[in-house]
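**Student:** With chain A's structure known, arrange chain B on it following the hints.
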Amino acid sequence: MFVPCERGGGSASSDFKGFTLLMPAVSVGNVGQLAVDLVISTLGMTKVGYFYTDCLVPMVGNNPYATAEENSMELSINAEVYSLPSKKLVVLQIRSPFIKNKYRPFCQTLLSWVKSSKCARVVVLSSSHAYQRDDEQLLGTPLRYLLTPDLEKAVGGLMQELKWKEMEKVAAYPGINETEKVLHIPGGGITKMLFTESCSKGIQMAVLLKFCSEGDNIPDAFVLVNYLNEWLQLIKSEVNASSQWKIPSSWRLLFGNGLPPALF
Amino acid sequence: MATFFGEVVVAPSRAGVDDEEETREETPEDREIRRELEKKREIDILWTWKSGSSAESSADQPFACSKFIVAIGRNAAAFLSSFILDSVCWEVVGVVKLWNEWCRTSSTTSVLPTDSFCLFYRLIADPTVLLCQCSCYVAEDQQFQWLEKVFGCMQKEGLQVTILSTCPVADYKTQESTLTLPSPFLKALKTKEFKEQVCCPLLEQPNIVRDLPAA
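The listed protein sequences derive, respectively, from chains A and B. Numbering of the first sequence is given in the UniProt record's numbering, commencing with residue 1 and proceeding in unit increments. Numbering of the second sequence is given in the UniProt record's numbering, commencing with residue 1 and proceeding in unit increments.
Looking at chain A on its own, in the form it has when it is part of the complex (with noise of 0.2 Å):
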């Protein structure tokens, strides 16, 4: 599945062990998607490889994190890898939707990659329908987050010291059996059974969503970027802190194109 770069480094490039691997859900306002987009932008992570998948719809254009004419030639495709070495970071960005029947395949190719490259720990960032809220969640952040239970070890105590809400589940029949509880994330994508799986695989994961709507996603996006700063201090956390992540050249024109001037 996933196909390293040829690049001078060699292995050294794809050598996962140990690091955190940050993924996006393709889920509601592709917020997952675009924060990932403004780590990478910002950290000015190098491409170590791409996955092959037959999962995702394919797409294809020049370098979305261009700076300048000399660095935008090169060819991006749906699902590619990043690495920061010095932060032990691995980024998967995805950037289509999955193919019908597809989502199962690709959580378990997925994982077992996971596994094989011995990363530490997953991060998802994902999203689900604000509007699915119940009158308690209506109240309060928007944030959630959910671990299994391999990192709740490591770092429950850490969310706790951040007073970070966990997602709440909800009741698997409603209005006919309120005490059975199942996790429901609608709008989140693979995100329920990406976490499921990691759960029974023994998987150190993280979930941190937001719950949102359709629309202007690029607000939800820094939102989201900068509750997982609040963790894993990816950047320097100052009072503005919306001003420090680079946006990429690839968001340019997200609502369409300049209007022709004989419509007024």
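Since the hints were derived computationally from the structure, they do not count as laboratory data. All of these numbers come straight from a predicted model, not from anything done at the bench. The beta-carbon is built from N, C-alpha and C at its ideal position, and this holds for glycine as well. Worth double-checking, as some hints may not be accurate.
[Stated by the list, open to error] Below, computed lysine-lysine pairings styled on DSSO-like, alpha-carbon distance capped at 30 Å: (1) B:40 to B:149; (2) A:246 to B:190; (3) A:102 to B:97; (4) A:100 to B:195; (5) A:47 to B:187; (6) A:88 to A:153; (7) A:163 to A:87; (8) A:246 to B:192; (9) A:47 to B:97; (10) A:100 to B:39; (11) B:39 to B:149.
[To be verified] Heads up, incomplete: computed chain B residues facing chain A, CB under 10 Å, no partners named: (12) 141; (13) 143; (14) 147; (15) 177; (16) 179; (17) 190; (18) 210.
**Tutor:** Only chain B this time, still in chain A's reference frame:
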């Protein structure tokens, strides 16, 4: 979201299809239905080499190919028909048979320009030059299969692939309005292994290419 007549409609999400049905466990009946659908959506490539070998694909040795030109979509296919292909220099060597909700192709090699088809041609003077005209739509779940089956038949050492395709000007993302843009215009994407001169400017961010050309 409420429409004019008061019915509630689920707004489509940019994130794609909702996951709930994917997380449900498949029953044996579901699995059977899914397998039947997958079989119906399988792509078959029938090679019609004149060497006398059988018309089946991929089991044989990969054939030598130095240049592979693929025209995807009706416009690109028509371009090849009008300016490149003729019955003197090119011979038909293969056809793709597929079905999806948008089109069906057959295994016949004599087609009308208005049909949906996917044919392979070989330059008689240099049999390592291959050309593909694909005017049918290859669905997203079939694109990977098409790719693997077609390229699986070829030796990839020293292979140069050129993909011709068209997109509506309205889809082009630019600071100005596309109304004032002189069209048609050419843009290119190239891999870093492609060392020759490209005949037109490269595709700027944030534009992307989708579907079979992207695959």
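**Student:** Would you mind marking each hint as holding or not holding in the structure?
**Tutor:** Verification of the supplied hints:
no., hint, in the structure
1, B:40 to B:149, "16 Å, holds"
2, A:246 to B:190, "27 Å, holds"
3, A:102 to B:97, "23 Å, holds"
4, A:100 to B:195, "37 Å, violated"
5, A:47 to B:187, "24 Å, holds"
6, A:88 to A:153, "21 Å, holds"
7, A:163 to A:87, "24 Å, holds"
8, A:246 to B:192, "26 Å, holds"
9, A:47 to B:97, "38 Å, violated"
10, A:100 to B:39, "15 Å, holds"
11, B:39 to B:149, "15 Å, holds"
12, 141, "5 Å, holds"
13, 143, "6 Å, holds"
14, 147, "8 Å, holds"
15, 177, "4 Å, holds"
16, 179, "4 Å, holds"
17, 190, "8 Å, holds"
18, 210, "5 Å, holds"
In summary, the structure is inconsistent with hints 4, 9 from the numbered list given earlier, while agreeing with the others.
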